[in-house]
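Engineer: Sequence:
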Amino acid sequence: MLDRRSFVSSGAAAFALGLLGRPASAQNAKALQLSQPRPFSWDGLVADAQALAGRPYAQENRLPKDVLERIDYDAHGKIRFDTDYALFKDGPGAFPVTFFHLGRFFQVPVHMHVLENAGGDVFSREIVYDSAYFDMPADSPAKQLPDGAGFAGFRFQESRLGDQAKLDWRKNDWVAFLGASYFRAIGELYQYGLSARGIALDVALPDRPEEFPTFTRFWFEPPKDDTTVVVYALLEGPSVTGAFRFVMQRKAAVIMDIEQRLFLRRDVGRLGLVPLTSMYWYSETLGARGIDWRPEVHDSDGLALWTGGGERIWRPLNNPAVTRASQFNDRAPKGFGLLQRDRAFDHYQDGVMYDKRPSLWVEPLGDWGDGSVQLIEIPTDDEIHDNIVAFWVPAAPATKGSSYSLRYRLYWQAEEPFPGPLARCVATRIGRGGQPGQPRPQGVRKFMVEFVGGTLKDIPFGVKPEAVLTASSGSFSYVFTEAVPNGVPGHWRAQFDFTPAPGNNEPVDMRLYLRNGGVTLTETWLYQLQPG
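When you number the sequence shown by the numbering used here, it's gap-free, plus one each residue, and the end is 532.
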């Protein structure tokens with residue numbers, strides 16, 4: 001079956017089931033079939049989404065399920081979009097659009113439209129699916145789908161223009177929308193990794209299943225320059241409808257300005273706005289412990305928070321024994337993100353380049369009010385599953401008839417876009433507590449937490465920063481700080497033992513930062529430890 005590793009492991013050169021465009025040929029006369037034009041506007045899309053929310057959810061008539069089921073992993077991998085049919089392959093703009101085919105794992109038809117101006121008005125024309133757009137074997141079950149069936153998703157290819165065309169656009173893409181409301185982009189290190197979503201509903205609730213609304217329609221605006229593309233989308237699901245506008249820039253990294261209007265059809269238990277989804281199996285925190293040959297395996301290693309009050313927080317990710325939800329209350333946050341801070345190839349030893357996976361940062365545009373960033377960590381025993389979700393949850397209950405208007409900016413790049421003056425946490429390591437050569441106390445954990453850069457580089461010679469530690473329960477011992485003996489300026493670590501409170505089996509929340517003379521030197525390290 002389709003697994004996550006095959007989906008993202010090959011980077012920009014091979015994304016999603018190996019659906020690469022074939023090499024360029026001289027077939028420039030091919031063209032997409034378009035429907036008759038209909039008026040389009042952003043206000044009209046919002047009004048349509050609101051009107052849909054007032055009606056019962058009704059899925060589009062499904063395509064022949066027996067045909068879709070036969071387009072399995074192998075059959076889907078043999079279907080390749082013919083890039084001579086790419087939208088905008090001759091302009092305007094720099095980035096052609098190609099499309100993903102439906103199949104067993106992508107059965108919901110998604111309808112694509114291109115916008116055009118006529119006499120000052122904007123019109124929409126649907127791109128009518130035709131199997132001729134795809135290279136496929138003569139006996140492929142996909143040939144049995146009807147014209148107009150729709151697509152599974154789309155992607156923007158790399159630039160086709162002059163000096164910008166550093167990569168063959170027919171074989172390399174930089175953003176892709178595929179499956180439910182998922183989308184992803186590459187950073188300046190030219191790798192895919194974690195995903196974003198339009199919305200996350202009822203994630204990890206004990207009394208109801210998670211819901212996965214779908215982007216059912218997209219509209220592509222003809223580009224006005226060679227770095228920016230604009231896409232509109234309609235979101236539909238049993239509990240929600242929504243209108244989205246994506247303004248996406250391909251520069252050294254990928255930056256997206258997103259506006260969304262959401263309308264609830266019914267009550268939602270956990271309304272996750274601006275959700276980020278990633279994979280964390282294990283890292284240097286606990287190591288592989290003999291379960292795998294690689295030192296680390298993860299797309300992201302921590303959640304970073306920049307609170308409305310200005311505090312910088314780093315929360316290393318966990319792979320817990322049971323699903324855990326953490327809540328970080330805030331008002332008008334400045335930003336948050338799932339980051340990949342460890343960039344050393346030797347720490348992964350894997351040709352899928354986990355060291356180059358992008359970090360994803362959310363910058364709120366406007367005041368989001370009261371709410372919380374929530375982090376969901378789900379157990380996994382392999383790298384093929386996304387098991388980490390982070391999102392913003394408004395403080396007010398998400399009830400039927402509620403609406404939400406939100407603007408934000410996503411940064412897909414190597415590091416967070418707004419680094420502060422404080423030192424960053426770069427490693428968390430856990431082992432047995434106690435002292436070498438002495439009997440190790442039962443249940444005691446030793447922590448090594450490393451910080452580097454920022455104001456730590458200005459510590460006078462001979463001065464040691466103070467470790468400020470707190471925990472929701474339990475006690476600390478053997479607490480001290482030291483410079484990491486690797487010659488890197490401003491690289492320090494705090495070491496301490498932690499003893500859980502007797503009889504406590506609940507997760508313990510820890511907090512640590514370094515200071516000197518009352519001056520904070522580092523971001524705040526948060527960690528959740530499960531005793532035992």
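Rather than coming from a laboratory, the hints here were simulated on the basis of the structure. Possibly wrong hints are sitting among the right ones.
[What the hints assert, rightly or not] Each computed BS3-like pair below joins lysine-lysine, with the alpha-carbon atoms no more than 30 Å apart:
no., residue 1, residue 2
1, 171, 30
2, 65, 166
3, 224, 251
4, 334, 356
5, 30, 89
6, 457, 334
7, 166, 251
8, 65, 78
9, 334, 400
10, 171, 356
11, 166, 224
12, 89, 464
13, 251, 143
14, 30, 78
15, 224, 171
16, 30, 334
17, 356, 464
18, 166, 30
19, 356, 166
20, 89, 143
21, 166, 143
22, 464, 446
23, 400, 457
24, 143, 224
25, 30, 143
26, 251, 334
27, 78, 224
28, 89, 224
29, 89, 78
30, 446, 457
31, 78, 446
32, 446, 334
33, 251, 89
34, 400, 464
[As the list claims (entries may be wrong)] The following label-pair restraints were derived from C-beta to C-beta distances:
no., residue 1, residue 2, range
35, 321, 438, 21 to 31 Å
36, 506, 41, 44 to 54 Å
37, 138, 396, 28 to 38 Å
38, 394, 132, 28 to 38 Å
39, 407, 458, 15 to 25 Å
40, 291, 458, 20 to 30 Å
For every residue, glycine included, the Cβ atom is placed at its ideal position computed from N, Cα and C.
Engineer: Hints first: check each against the structure and report whether it holds.
Structural biologist: Against the structure, the hints come out as follows:
1. Using a Cα cut-off of 30 Å, the hinted pair residue 171 and residue 30 holds, with the two alpha carbons roughly 18 Å apart.
2. Proximity of residue 65 to residue 166 is assessed by CA-CA distance (about 41 Å); at most 30 Å being required, the pair is judged violated.
3. Of the pairs offered as hints, the one joining residue 224 and residue 251 holds, with about 15 Å between alpha carbons and a cut-off of 30 Å not exceeded.
4. Pair hint residue 334 plus residue 356 holds up; C-alpha atoms about 26 Å apart against a cutoff of 30 Å.
5. For the given pair, residue 30 sits about 11 Å from residue 89 by alpha-carbon distance, which is consistent with the 30 Å threshold.
6. Our distance criterion of 30 Å between C-alpha atoms is met by residue 457 and residue 334, whose separation comes to about 26 Å.
7. Annotation: proposed proximity of residue 166 to residue 251 holds, straight-line Cα distance about 12 Å (limit 30 Å).
8. Annotation: proposed proximity of residue 65 to residue 78 holds, straight-line Cα distance about 19 Å (limit 30 Å).
9. A threshold of 30 Å between alpha carbons decides the hint, and for residue 334 with residue 400 the separation of about 29 Å falls inside it, so the pair holds.
10. Proposed proximity of residue 171 and residue 356 is supported: the alpha carbons are some 19 Å apart, at most 30 Å.
11. A C-alpha spacing of about 21 Å is found between residue 166 and residue 224, which places the hinted pair at or below 30 Å, so the restraint holds.
12. A hinted pair counts as satisfied when its Cα atoms are at most 30 Å apart, and residue 89 with residue 464 does not qualify at roughly 60 Å.
13. For the hint linking residue 251 to residue 143, the alpha-carbon distance of about 38 Å lies beyond 30 Å, and the restraint is violated.
14. A threshold of 30 Å between alpha carbons decides the hint, and for residue 30 with residue 78 the separation of about 21 Å falls inside it, so the pair holds.
15. Annotation: proposed proximity of residue 224 to residue 171 holds, straight-line Cα distance about 24 Å (limit 30 Å).
16. For the proposed pair residue 30 and residue 334, the alpha carbon gap of about 47 Å is over 30 Å, so the pair is violated.
17. Pair hint residue 356 plus residue 464 does not hold up; C-alpha atoms about 34 Å apart against a cutoff of 30 Å.
18. Only pairs whose Cα atoms come within 30 Å are accepted, and residue 166 paired with residue 30 is accepted, the gap being roughly 25 Å.
19. A hinted pair counts as satisfied when its Cα atoms are at most 30 Å apart, and residue 356 with residue 166 qualifies at roughly 19 Å.
20. Of the pairs offered as hints, the one joining residue 89 and residue 143 holds, with about 25 Å between alpha carbons and a cut-off of 30 Å not exceeded.
21. Under the criterion of a C-alpha separation no larger than 30 Å, the hint pairing residue 166 with residue 143 is inconsistent with the structure, at around 35 Å.
22. Under the criterion of a C-alpha separation no larger than 30 Å, the hint pairing residue 464 with residue 446 is consistent with the structure, at around 20 Å.
23. Restraint check for residue 400 and residue 457: the C-alpha separation of about 53 Å exceeds 30 Å, so the hint is violated.
24. The straight-line distance between the Cα atoms of residue 143 and residue 224 is roughly 36 Å, outside the 30 Å bound, and the hint therefore fails.
25. Straight-line distance between C-alpha atoms of residue 30 and residue 143 comes to about 19 Å, which keeps the hinted pair within the 30 Å bound.
26. For the suggested pair residue 251 and residue 334, the alpha carbons sit about 23 Å apart, so the restraint of at most 30 Å is met.
27. For a cut-off of 30 Å, the pair hint linking residue 78 to residue 224 is broken: about 35 Å separates their Cα positions.
28. With a CA separation close to 15 Å, the supplied pair residue 89 and residue 224 stays within the 30 Å bound.
29. Distance restraint check for residue 89 and residue 78: the Cα-Cα separation of roughly 23 Å lies within the 30 Å cut-off, and the hinted pair is therefore satisfied.
30. Only pairs whose Cα atoms come within 30 Å are accepted, and residue 446 paired with residue 457 is accepted, the gap being roughly 26 Å.
31. Among the hinted pairs, residue 78 with residue 446 is inconsistent with the structure: their alpha-carbon atoms are about 51 Å apart, more than 30 Å.
32. Straight-line distance between C-alpha atoms of residue 446 and residue 334 comes to about 33 Å, which puts the hinted pair past the 30 Å bound.
33. A threshold of 30 Å between alpha carbons decides the hint, and for residue 251 with residue 89 the separation of about 19 Å falls inside it, so the pair holds.
34. Under the criterion of a C-alpha separation no larger than 30 Å, the hint pairing residue 400 with residue 464 is inconsistent with the structure, at around 55 Å.
35. Here the CB-CB span from residue 321 to residue 438 is close to 29 Å, well matched to the stated 21 to 31 Å.
36. Our hint of 44 to 54 Å for residue 506 and residue 41 holds, since their Cβ atoms are close to 53 Å apart.
37. Between residue 138 and residue 396 the C-beta distance comes to about 57 Å, which lies outside the given range of 28 to 38 Å.
38. Between residue 394 and residue 132 the beta carbons are some 46 Å apart, a value that contradicts the proposed interval 28 to 38 Å.
39. Checked against the given bound of 15 to 25 Å, the beta carbons of residue 407 and residue 458, roughly 38 Å apart, lie outside it.
40. Hint check: residue 291 to residue 458, Cβ distance near 41 Å, so the stated range 20 to 30 Å is violated.
In the structure shown, a violation is registered for the earlier hints numbered 2, 12, 13, 16, 17, 21, 23, 24, 27, 31, 32, 34, 37, 38, 39, 40, in ascending order.
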